[in-house]
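S.K.: Residues per chain, in single letters:
2 protein chains.
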Amino acid sequence: MTPNNEKLPESIDLTHHLSAFSKARPTSPLKDLQKYWGKPGLISLAGGLPSPEVFPFSSVGANILLPDTFPARPSLSAEGPLSWLLNLFSSGKAKTTRIEIPRYANTPGGLDLATILQYTLASGHPKLKEFAKAMADRVYRPAYSDYTVLAHVGNTDGWVKAVMTLCNPGEGVLASVWTYPSALVAMRPYDIQAVPVAMDGQGMRSDALRELLANWDAEERGMARPHVMYTVPVGQNPTGAVSRPPPSACIRLITASQTMEANRKKEIYDICVEYDVVIVEDDPYYFLQEGPYYPRPYRAREHDKKDDSLQKYIDSLTPSYLRMDYQGRVIRLDTFSKTVAPGCRMGWFTCNPKFAERLERQAETSSQAPSGFSQGLVISMIEQWGFDGFIRWTQGLANQYTIRRDYIIDRFAEEFDLRVGVVPEKSSIDYFTGCSVYTAYPKERSRLMSEKATLEREALLSFVPPTSGMFLWVKLHLERHPRYGSVPTKELEKLLWIELAEAGVLFGPGQIFAAEYDEIAAGHFRISFSNAEFNDLKKGISIFAQVLVKFLRD
Amino acid sequence: MTPNNEKLPESIDLTHHLSAFSKARPTSPLKDLQKYWGKPGLISLAGGLPSPEVFPFSSVGANILLPDTFPARPSLSAEGPLSWLLNLFSSGKAKTTRIEIPRYANTPGGLDLATILQYTLASGHPKLKEFAKAMADRVYRPAYSDYTVLAHVGNTDGWVKAVMTLCNPGEGVLASVWTYPSALVAMRPYDIQAVPVAMDGQGMRSDALRELLANWDAEERGMARPHVMYTVPVGQNPTGAVSRPPPSACIRLITASQTMEANRKKEIYDICVEYDVVIVEDDPYYFLQEGPYYPRPYRAREHDKKDDSLQKYIDSLTPSYLRMDYQGRVIRLDTFSKTVAPGCRMGWFTCNPKFAERLERQAETSSQAPSGFSQGLVISMIEQWGFDGFIRWTQGLANQYTIRRDYIIDRFAEEFDLRVGVVPEKSSIDYFTGCSVYTAYPKERSRLMSEKATLEREALLSFVPPTSGMFLWVKLHLERHPRYGSVPTKELEKLLWIELAEAGVLFGPGQIFAAEYDEIAAGHFRISFSNAEFNDLKKGISIFAQVLVKFLRD
Chain D
85 MTPNNEKLPE SIDLTHHLSA FSKARPTSPL KDLQKYWGKP GLISLAGGLP SPEVFPFSSV
145 GANILLPDTF PARPSLSAEG PLSWLLNLFS SGKAKTTRIE IPRYANTPGG LDLATILQYT
205 LASGHPKLKE FAKAMADRVY RPAYSDYTVL AHVGNTDGWV KAVMTLCNPG EGVLASVWTY
265 PSALVAMRPY DIQAVPVAMD GQGMRSDALR ELLANWDAEE RGMARPHVMY TVPVGQNPTG
325 AVSRPPPSAC IRLITASQTM EANRKKEIYD ICVEYDVVIV EDDPYYFLQE GPYYPRPYRA
385 REHDKKDDSL QKYIDSLTPS YLRMDYQGRV IRLDTFSKTV APGCRMGWFT CNPKFAERLE
445 RQAETSSQAP SGFSQGLVIS MIEQWGFDGF IRWTQGLANQ YTIRRDYIID RFAEEFDLRV
505 GVVPEKSSID YFTGCSVYTA YPKERSRLMS EKATLEREAL LSFVPPTSGM FLWVKLHLER
565 HPRYGSVPTK ELEKLLWIEL AEAGVLFGPG QIFAAEYDEI AAGHFRISFS NAEFNDLKKG
625 ISIFAQVLVK FLRD
Chain A
85 MTPNNEKLPE SIDLTHHLSA FSKARPTSPL KDLQKYWGKP GLISLAGGLP SPEVFPFSSV
145 GANILLPDTF PARPSLSAEG PLSWLLNLFS SGKAKTTRIE IPRYANTPGG LDLATILQYT
205 LASGHPKLKE FAKAMADRVY RPAYSDYTVL AHVGNTDGWV KAVMTLCNPG EGVLASVWTY
265 PSALVAMRPY DIQAVPVAMD GQGMRSDALR ELLANWDAEE RGMARPHVMY TVPVGQNPTG
325 AVSRPPPSAC IRLITASQTM EANRKKEIYD ICVEYDVVIV EDDPYYFLQE GPYYPRPYRA
385 REHDKKDDSL QKYIDSLTPS YLRMDYQGRV IRLDTFSKTV APGCRMGWFT CNPKFAERLE
445 RQAETSSQAP SGFSQGLVIS MIEQWGFDGF IRWTQGLANQ YTIRRDYIID RFAEEFDLRV
505 GVVPEKSSID YFTGCSVYTA YPKERSRLMS EKATLEREAL LSFVPPTSGM FLWVKLHLER
565 HPRYGSVPTK ELEKLLWIEL AEAGVLFGPG QIFAAEYDEI AAGHFRISFS NAEFNDLKKG
625 ISIFAQVLVK FLRD
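Protein chains in written order, with the numbering used here: chain D, 85 to 638; chain A, 85 to 638.
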């Protein structure tokens, strides 16, 4: 796949989106003196740099796993995923390779501590930017070639920098009704509010977006029409909204009409062009694309069909908004938090050069560059693995999360009577619309249930199996609770949350994920399947089943 | 030395200093649910944590220098500092010890990657906070016991967080006339301006501060009286203002009336109490206290007198503003950038608990915690060294910078005819007041110069030898330039800067360090002696001498 060679059209200038905060930020001082900075042979006594001779670290190294440590497709051996994982780590069987960063490089241009632990450009080490560029060219393939990449210290930081670059106090930011709470909380101090847009099973609804923007009444709203959108397009946090249609065999079995997510993104992008909106694509779960959930009897057959070659894998990934961004109105946020570790506190922007320049100035006077230890160790790992190795690593990673996703839903099937139904076009639970929804009923009663009326009366919870990310987003049927209507749903949700906590399991309280809290949509938990030990996942769902049945009966 | 047990008086409440930005920042959501977070035995499926089993790093380690790698007092062997340093590193003679962080700790509570590379509290790892607390209790000794420490990602980040916590748009921040430019640039986007306070040889003048605050006319100034002060009290950047009086022998030799800096700090603190000002103490150079410069003939004798025991060394350090802070109105910023390496991107706040809580909320929705690699490696190093080891390391470090400071001033003595004079109470160059000022004259003419008039005519530059930090702050006698008066001094400074750059040496242009640029004070270079190789330092000063003599003659 060759990258696009089209440059951004000169007629497109998006600098009117820059905020007063951003415009007030000076460019580097004494611009005409800068040509001397870093000129070879010059003796520089200008900077405030400590001597690398007095860094106490003489060398830093690590043992790293190999890129193919985790299988490229789910292993369905008799042993099962759990015992396989335990074998890998507790027996010390996982093969590792060594990376080492010396104080001074042995070869010119080689990575060394003298450079990477020194003050560096806020935009990141050239080798980090090289990697980010390769990721764009090989995976995201932006619709223009003169994009810029630069480092940030994690997507939350990246998002705040984007907000400060684009938004003025009193403005609004378009976001799905359910969204990542930290993103909303981060805007509030600057008097920037979320403007919720309705969702369906694919995430933000394009028709709702258009309606909102077309009919925007600034006076009535007390706010100009929003010109910035926040979106978590893959593994939508918290709902994990569907990103891809299941393959045909599966459609016949469990699902309904679903369009390609790429189409939805294109629709949304085109609306953003029409109404001059900048899209900030916060995409931490991009490499955790798990694909559709197959109930156990069909799983092995579906997995066997999978072509796990590297290029096929890359092609199977849902397109980033960058792919359709012919105007440079997308700021994409990538992070190493999920592909390597959250402790990296490192990620990068991909965006047009003019936004990038403002973002860099902002980084220079706040976070500066990501940690040199993080940059050094991650770059060194990528050099050891090669770019393809990194992609292969994410492939294995996605499969580890697929195993975990399958494992937790299998536990629901074990603990509840789990039934699948397709929710029609206009559902009261908007993000279920057009999806195969799994509804859980009490197990011990399942034989008695046949009538639709009984079923409705007995429903405990519903969910759509996520196709990416780390979370199961569960709608609780609190309307079954005896005190429903007399006690706010929010309170019922909290009561149940506390009963569960007392019984020994913690879920994410749904209400913290609402852009604007809505009683009708209330009563959710976000259940993370990404981290707990498999036994704890099993135990947690078992406790949930017992407590929930009792709670809704009392 | 036992730490103070006095708690902050309840009558003192400084929360009225919190900015609108800070007040609008919510406390953590669902406070009443938080008691369950992290409760042992609970199965948590609430967080969005990746599994540490899929971190590609199996172990991370380093070879670190020993705490006593660098001598505790300047070595004055026949070899000289240069050859000694070269020996240490190029021959690989520097002894190192090994630290290693495993994926899972072998002992309970031990440092491991599963924890340190995971999402963590924004306030930093408990072991990092333990270290910061030990530093406060053993070295800074705040005047109250219930202070809080929490991490930031470097002092620039810490400063911006403090500004956002304390200042509203349109407000002013008190700062010395010459100050760290990034601190000023960082405030500008939020429409917060520096309010310059006059300096003398000790830094900010307390009489000038009192006068400014006492006579503040909000209407005339178009700004409320400032309630926040920014200060770099040690190794004042850029001037390196004096922090300690030289010992008596030296006073007789080269210096004038100088009071203890502690007295000045106390005066300023008391004025800040009177006018309700919060002090932000940005102190990156605290452990680079080099002490007075002794001309070569006296140096060996003075160094021999030095007691280099650890406690004497700690006692010799100038007191932090924390020591006099009985009201909790100091926010102190510490960083590992100079004691370990800038690439750590890690430091900490020490301040009252109420400011700390707001700073932590801000970190949660922006930078989050410092890099886990940085935290892990630095904590592990400190565990290996012990707290005393860390202090011993800083002692060696300060001496390395002392050698460098002495080396560069010795080069001035070599390249110029360098003469010492005490500048009287009211100097036109304010930060020279009360100091021993070194003035450089052309070397080849020195024998002809005897009369005061000739001396004045021939002066090339003047400086006060810094007693801490990394910089020599040089006042250029541009008034000697033939075009002085007809061309702005700023332009002359720039012309000279360019001539020097063309000749092969770069200095920091003085004008970027001015809180408010003042033509009278114009014409400075900030010369860094911290990083360049000794040969380059020598060569750089030699080029400077040639170019400067020629420039002022033409």
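By construction, these hints were calculated from the structure, which means they are not laboratory data.
Treat the hints loosely; a few may be bogus.
[Unchecked claim] Computed footprint of chain D on chain A, listed as stretches where at least three residues anywhere in the stretch have a Cβ under 8 Å from a Cβ of chain D:
1. 204-217
2. 386-397
3. 587-598
[As the list claims (entries may be wrong)] Here are the computed lysine-lysine pairs in the DSS-like style, where the Cα-Cα straight-line distance is at most 27 Å:
4. A/527 x A/634
5. A/623 x D/119
6. A/527 x D/578
7. A/578 x D/119
8. A/123 x D/634
Note that this is a predicted model, so its numbers are computed, not measured.
For every residue, glycine included, the Cβ atom is placed at its ideal position computed from N, Cα and C.
S.K.: Each hint should be assessed against the structure and marked as holding or not.
M.R.: The hints, checked one at a time:
1. Taking a C-beta to C-beta cut-off of 8 Å, the stretch 204-217 of chain A contributes 1 residues in contact with chain D, too few for the three needed, and the coverage statement is violated.
2. Requiring three or more residues with a Cβ within less than 8 Å of a Cβ of chain D, the coverage given for the stretch 386-397 of chain A is violated, as only 0 such residues are present.
3. Residues of the stretch 587-598 of chain A lying with their CB closer than 8 Å to a CB of chain D number 8, which satisfies the three-residue condition for coverage.
4. The hinted pair formed by residue 527 of chain A and residue 634 of chain A meets the criterion: a straight-line CA distance of about 13 Å does not exceed 27 Å.
5. Of the pairs offered as hints, the one joining residue 623 of chain A and residue 119 of chain D holds, with about 22 Å between alpha carbons and a cut-off of 27 Å not exceeded.
6. Only pairs whose Cα atoms come within 27 Å are accepted, and residue 527 of chain A paired with residue 578 of chain D is rejected, the gap being roughly 82 Å.
7. The suggested pairing of residue 578 of chain A with residue 119 of chain D holds, with an alpha-carbon distance near 14 Å, which does not exceed 27 Å.
8. For the proposed pair residue 123 of chain A and residue 634 of chain D, the alpha carbon gap of about 24 Å is at most 27 Å, so the pair holds.
In terms of the numbered hints stated before, the structure departs from hints 1, 2 and 6, listed from lowest to highest.
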